[in-house]
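**Q** Take a look at the letters that make up each chain.
There are 2 protein chains.
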Amino acid sequence: MAIQLYDLAGADPDRRFSPYCWRTRLALAHKGLAVETIPWCFTDKDKIAFSGQGRVPVIVDGDAWVNDSWAIALYLEKTYPDRPSIFAGGAPGAIRFVNDWTDAVLQPGLFRFIVADVAAAIDPKDRAYFRQSREQRLGTTLEEAARGREDRIGAFRDVLQPLRLTLRTQEFLGGAKPNYADYIVFGAFQWARCVSPFRLLEADDPVYAWRGRLLDAFDGLAGKALGFPV
Amino acid sequence: MAIQLYDLAGADPDRRFSPYCWRTRLALAHKGLAVETIPWCFTDKDKIAFSGQGRVPVIVDGDAWVNDSWAIALYLEKTYPDRPSIFAGGAPGAIRFVNDWTDAVLQPGLFRFIVADVAAAIDPKDRAYFRQSREQRLGTTLEEAARGREDRIGAFRDVLQPLRLTLRTQEFLGGAKPNYADYIVFGAFQWARCVSPFRLLEADDPVYAWRGRLLDAFDGLAGKALGFPV
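Sequence lines, in order, name chains A and B.
Taking my numbering, the leading residue of the first sequence gets -3, the next gets one more, and so forth.
Taking my numbering, the leading residue of the second sequence gets -3, the next gets one more, and so forth.
Accuracy of the hints is not assured; some may be wrong.
What the hints assert, rightly or not - With a straight-line Cα cutoff of 20 Å, these simulated SDA-like cross-link-like pairs (lysine to any residue) come out:
{"id": "1", "chain 1": "A", "residue 1": "Lys74", "chain 2": "B", "residue 2": "Gln166"}
{"id": "2", "chain 1": "A", "residue 1": "Lys74", "chain 2": "B", "residue 2": "Ala172"}
{"id": "3", "chain 1": "A", "residue 1": "Lys41", "chain 2": "A", "residue 2": "Ala7"}
{"id": "4", "chain 1": "A", "residue 1": "Lys74", "chain 2": "B", "residue 2": "Gly86"}
{"id": "5", "chain 1": "B", "residue 1": "Lys173", "chain 2": "A", "residue 2": "Gly85"}
{"id": "6", "chain 1": "A", "residue 1": "Lys27", "chain 2": "B", "residue 2": "Gly86"}
{"id": "7", "chain 1": "A", "residue 1": "Lys220", "chain 2": "A", "residue 2": "Ala25"}
Claimed, not checked - Pair ranges (Cβ atoms, derived):
{"id": "8", "chain 1": "B", "residue 1": "Pro225", "chain 2": "A", "residue 2": "Ala205", "range": "43 to 49 Å"}
{"id": "9", "chain 1": "A", "residue 1": "Ala205", "chain 2": "B", "residue 2": "Ala67", "range": "20 to 26 Å"}
{"id": "10", "chain 1": "A", "residue 1": "Tyr125", "chain 2": "B", "residue 2": "Gly28", "range": "53 to 59 Å"}
{"id": "11", "chain 1": "A", "residue 1": "Ala45", "chain 2": "B", "residue 2": "Val155", "range": "34 to 40 Å"}
{"id": "12", "chain 1": "A", "residue 1": "Leu134", "chain 2": "B", "residue 2": "Pro225", "range": "50 to 56 Å"}
{"id": "13", "chain 1": "A", "residue 1": "Ala124", "chain 2": "B", "residue 2": "Arg79", "range": "57 to 63 Å"}
{"id": "14", "chain 1": "A", "residue 1": "Ala60", "chain 2": "B", "residue 2": "Ala67", "range": "42 to 48 Å"}
{"id": "15", "chain 1": "B", "residue 1": "Tyr125", "chain 2": "A", "residue 2": "Gly208", "range": "39 to 45 Å"}
{"id": "16", "chain 1": "B", "residue 1": "Arg153", "chain 2": "A", "residue 2": "Phe152", "range": "20 to 26 Å"}
Derived from the structure by calculation, the hints contain no laboratory data.
These numbers come from a predicted model, not from an experiment.
Glycine residues also receive a C-beta, built at the ideal position from the N, C-alpha and C atoms.
Construct all of the structure, not just a fragment, from the sequences and the given hints.
**A** This is the structure we're talking about:
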């Protein structure tokens, strides 16, 4: 039986834009595990109340459920040890640092470029929740946070420099092949791609080429997703 | 025969303060390889001319020599596969990202807190070289770069947030045990510790506790080094 994944969706239920759910989607694909995604909106708290909290991703695997993308990654690695490892065969180690850099630096930085696009993409019933929760997080209005992105993009690209240096040295963060380190960082760019036509990366950036390799991975799983081909 | 390591030294030849040489020192210790360090000053270019370049670390291992800390790490892993792995048993993978974050973000940020202390610690014969090369890199004078560090320390501690999040979750960047990911980042803090009495970390910071574990590692190899116990 396929693993069920509660997956953040927009007004169009085919628009799946959570960076954390993308981490899980690609981890499941890496392990070759079948998945049935269930579109979920921010305010559908009752649908995942069984998990004791209100955010996705949540997976249901037979009698087990797991929430939180990192916990899901650990669960998949432990539960399916005979499938290809998402952690290069060992403990996650430095992959956890990639996770925390993405959460603390990359995604908050990226959010200010796509905030208006996310607001436009979500289900209308989620609008009040999204505005209230995100304005609290941002410390300002959505409109103010979105302002002047063309002028800020250079500074954002500077923040990507560690990523760029690594991807000049190796094809993937995982090395010669992608692993969960790649899916974490890629999830952030896929979040943007699913909702926003704004061009974050220049075509000659090694990060752009790497993103292209991941859009193509697993028969184009991410590349075929509803979004903007920028 | 012990591996020889050309190791950056200050006016006091016992002061070994290169962050890159510390990466190598700890990698050698992790592999249990004997080392003979050779104190080296910035302007001793002739002593390492055999390596075709002018920077340390350089190691000499029998008939082989290797320069550049990353290349040395790869060399040690490949040449001594039966010794404990510094890369968690596989390819470096995400450890390369830790390396590039340290080079591009952590060390440039940290340098502005210790620049005057480094200038005071180096061999007098290196002073003109150090000023010229570092002022070019900094785009300002050493004195200007050093100014007002007490006022800037909060912003620097914010930059450590990804590290802090990881070290709240696991004892080391490598996981339950340290590996080369730890030695890379620790090298930056050890660089500071060897030259500067300035307190970079608060005692309740998980990064401080982690640094302490690495100061104690390998019978206190780093903790016993000449420096400032802050």
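**Q** Now tell me if each hint is right for this structure.
**A** For each hint, the structure was consulted:
no., hint, verdict
1, A:Lys74 <-> B:Gln166, "17 Å, holds"
2, A:Lys74 <-> B:Ala172, "17 Å, holds"
3, A:Lys41 <-> A:Ala7, "17 Å, holds"
4, A:Lys74 <-> B:Gly86, "18 Å, holds"
5, B:Lys173 <-> A:Gly85, "16 Å, holds"
6, A:Lys27 <-> B:Gly86, "19 Å, holds"
7, A:Lys220 <-> A:Ala25, "14 Å, holds"
8, B:Pro225 <-> A:Ala205: 43 to 49 Å, "46 Å, holds"
9, A:Ala205 <-> B:Ala67: 20 to 26 Å, "24 Å, holds"
10, A:Tyr125 <-> B:Gly28: 53 to 59 Å, "56 Å, holds"
11, A:Ala45 <-> B:Val155: 34 to 40 Å, "38 Å, holds"
12, A:Leu134 <-> B:Pro225: 50 to 56 Å, "41 Å, violated"
13, A:Ala124 <-> B:Arg79: 57 to 63 Å, "59 Å, holds"
14, A:Ala60 <-> B:Ala67: 42 to 48 Å, "45 Å, holds"
15, B:Tyr125 <-> A:Gly208: 39 to 45 Å, "43 Å, holds"
16, B:Arg153 <-> A:Phe152: 20 to 26 Å, "22 Å, holds"
Taken one by one, the earlier hints fail for this structure only at number 12.
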